[in-house]
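**Student:** Chain by chain, the residues run as shown.
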Amino acid sequence: EDKVVQSPLSLVVHEGDTVTLNCSYEVTNFRSLLWYKQEKKAPTFLFMLTSSGIEKKSGRLSSILDKKELFSILNITATQTGDSAVYLCAGMRSGSARQLTFGSGTQLTVLP
Amino acid sequence: NAGVTQTPKFRILKIGQSMTLQCTQDMNHNYMYWYRQDPGMGLKLIYYSVGAGITDKGEVPNGYNVSRSTTEDFPLRLELAAPSQTSVYFCASTETGISGANVLTFGAGSRLTVL
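Chains A and B, in that order, are what the protein sequence lines are. Oh and the first sequence: position 87 is 87 in the working numbering, straight run, nothing missing. Oh and the second sequence: position 24 is 24 in the working numbering, straight run, nothing missing.
Heads up, some of the hints might be wrong.
[To be verified] Examples of chain A residues toward chain B, derived with CB under 7 Å:
# : residue
1 : A42
2 : F71
3 : L88
4 : F102
5 : G103
6 : S104
7 : G105
Source of the hints: derived by calculation from the structure; they are not laboratory data. Just so it is clear, CB atoms sit at the ideal spot from N, CA and C, and this is done for glycine as well.
All chains, full assembly: derive it from the sequences and hints.
**Tutor:** Next up, the structure:
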């Protein structure tokens with residue numbers, strides 16, 4: 001059974017802080033690792049990582065995958081209150097169904 | 001371009017009742033999925049479909065049924081509602097990309113309470 005574990009479960013920081021969210025995975029026939037942001041509604045896509053060691057960046061967010069150690073991190077620099085959300089990571093299998101196994105998420109709260 | 005549309009947004013059921021959650025997408029996506037999300041948890045896959053006429057079980061299929069008679073529609077049926085099915089249900093779809101990408105487009109969710 002595929003497994004994705006995120007840590008920490010929750011995090012409270014102040015605006016301007018930098019945070020690192022962790023995701024470890026055990027996914028059969030692993031293909032990619034995806035990060036989503038969820039703000040009390042449907043998750044929205046952030047990143048998809050397929051290759052090890054290549055950082056993906058979008059503004060203040062960045063993410064990297066380590067396929068040897070089976071983990072990924074999501075970094076958010078200069079946090080803002082609008083970054084408050086649950087961050088989900090998901091491991092994707094190879095194959096036609098492209099099933100995703102989600103972690104439980106990290107609840108990030110950014111205080112002004 | 002509506003994307004993925006789910007109905008209803010909210011529903012309260014009594015134990016033993018049946019209902020269908022509707023999901024429609026207008027993006028001509030082949031792949032469609034149903035997830036449930038319990039409070040403080042990630043999403044768990046209930047059923048998925050890789051095309052019209054093809055469905056398969058996910059991680060937590062018990063108590064649910066699906067059908068996929070058209071590319072656009074992927075309804076989820078609860079036959080005998082139980083309190084354990086109280087959850088938020090998300091329908092999602094994705095295209096068949098040669099890159100293998102699976103960037104899901106999610107519906108807004110359906111909050112179901114079984115009392």
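**Student:** Next, verify each hint and record whether it holds.
**Tutor:** Cross-check of the supplied hints:
Of the supplied interface hints, the one on A/A42 holds, with its beta-carbon coming within about 4 Å of a beta-carbon of chain B, less than 7 Å. Below 7 Å, beta-carbon pairs count as interface contacts, and A/F71 has none with chain B, the closest being about 16 Å; its hint is therefore violated. With a least beta-carbon distance of about 6 Å to chain B, the hint placing A/L88 at the interface is held under the 7 Å criterion. At about 4 Å, the closest approach between the beta carbon of A/F102 and any beta carbon in chain B falls short of 7 Å, and the interface hint on this residue holds.
A hinted interface residue such as A/G103 counts as satisfied when its beta carbon comes closer than 7 Å to some beta carbon of chain B; here the least separation is about 5 Å, so the hint holds. The closest approach between the C-beta of A/S104 and any C-beta of chain B is roughly 5 Å, which is under the 7 Å cut-off, so the hint is satisfied. Checking A/G105 against chain B by beta carbon gives a least distance of about 5 Å; that is within 7 Å, so the hint holds.
Checked against the numbered hints above, the structure breaks only hint 2 and satisfies the rest.
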